[in-house]
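Participant: Using our numbering, the letters of the sequence shown correspond one by one to residues 1 to 395.
Hint data in this document are derived by calculation from the structure and do not stem from the laboratory. There could be a bad hint or two in this list.
[To be verified] If you anchor each label on the Cβ, the simulated ranges turn out as follows:
id, residue 1, residue 2, range
1, Cys-227, Gln-191, 43 to 49 angstroms
2, Gln-191, Gln-20, 23 to 29 angstroms
3, Thr-64, Arg-19, 49 to 55 angstroms
4, Thr-131, Ser-343, 37 to 43 angstroms
5, Lys-82, Ala-54, 29 to 35 angstroms
6, Leu-198, Val-138, 17 to 23 angstroms
C-beta atoms are modelled at their ideal positions from N, C-alpha and C, and glycine is treated no differently.
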Amino acid sequence: MPYFNRVGDVPAKRFSQFRQEDGSLYCTEVMGEEGFSSDMSLLFHRLPPTGISAVRAVEREPITLTANQPLLPRLFNTSQLKVGGDAVTGRQPLVGNDDVLVSFVIADSDSPLYRNAVGDELVFVHEGTATVETVFGVLEVGPGDYLVMPTGTTHRWLPTSEGPLRALVFETYSHIHPPKRYLSRYGQHHQESPYFELDLRRPTEPLVAPAESDVDVLVRNRDGITCYTMQNHPFDVVGWFGCNYPYVLNVADFSPITGSFHRPPPVHQVFEAHNLVFCNFVPRMLDYDPRAVPIPSYHSNVDSDEFLFYAEGNFFSRSGSGVERGSISLHPAGHIHGPQPGSVEKALSRIGQRTEELAIMLDTFRPLRLANPALDVEDPKYITTWSRRPEAEGS
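Could you build the full structure based on these sequences and the hints that come with them?
Facilitator: What follows is the structure, encoded as structure tokens:
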């Protein structure tokens, strides 16, 4: 729930009669979460959004997820993934479980109209720009942007940059929202939150497409993808209001919480969903007490798998491990990991300095399984990088 928003032409009273110039009623669509008991928006269409002239199942290669067995830390290089396709059908799955599927896209073409009927999506744009057209209006996205796309929102991706759009896509099986501890009991971001309502970019005017019939929309559910041929174009909404809509937060608008000694990862949390949390490690001041160790300790994820995308900067705590810009590490529950050998002592000279690294983290509370595209770009030597043996330190 970002906060209440009103865009375009809407009636003075919800669920009241709202008529067009010709005297006909606008068609009201209620888009609500958790049945009728949570956040919702009311959208006002010129024509019924329900007419379907054809329907067919969409054939696609099944996504196979295999267990991380034997239990290994993993390192994947997204620069080696295939280039091309669109931001919906061109997603290359990396890891997943019953709560989330994580993919990477390197898109160079427009996507079809698409609606995820399973759960909210979170997209982090690494490179490139795009226009995202939705039933709520248009959003422009670029490097460092998070886009939260609510369940059931019809939209499409239109890349606008010269190079491809590179983005990390989290498809959840639930709803994504700010951490509850950042919100007042009435839902406002309170003063200790690292980002605020002013940081969120929302659609500001309706997108009313020209009248068009027989428009294809891909709809994802848990059993696959269906193509509906709609009698009327879904982008005929003249106005809407409510608290359920897509929005954008740029990672640069996340104000880091720092301290004199190490602050644990929850201070970096940006969103959460069922059985998982999202964090970002942004440029910030390092610990400043002269007794501090300004680098994470070795740690064991007792209850969660840690998926970390290295977006920008110099990842000094893992220098020599093969981690580079665009790398993804997976540290599963049961595996003790942390900084490179020797990096703790080196870090002491950085007390009170800044780190310019930017990384995006997903922590899940069920094990993440592996998809073939990730295994195809894996560094098999990654498990040896914590060894003090000379031949391992340079790998």
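Participant: With reference to the structure, classify each hint as holding or not holding.
Facilitator: Now the hints, each set against the structure:
Between Cys-227 and Gln-191 the beta carbon distance is about 47 angstroms. The supplied range of 43 to 49 angstroms therefore holds. At about 44 angstroms, the beta-carbon gap between Gln-191 and Gln-20 misses the expected band of 23 to 29 angstroms. Between Thr-64 and Arg-19 the beta carbon distance is about 52 angstroms. The supplied range of 49 to 55 angstroms therefore holds. A hinted range of 37 to 43 angstroms for the beta carbons of Thr-131 and Ser-343 is consistent with their spacing of about 42 angstroms.
Remark: the range hint 29 to 35 angstroms for Lys-82 to Ala-54 is upheld by a beta-carbon distance near 31 angstroms. For Leu-198 and Val-138, the Cβ-Cβ distance of about 20 angstroms falls inside the hinted range of 17 to 23 angstroms, so the restraint holds.
Against the hints set out earlier in the document, a violation occurs for number 2 only.
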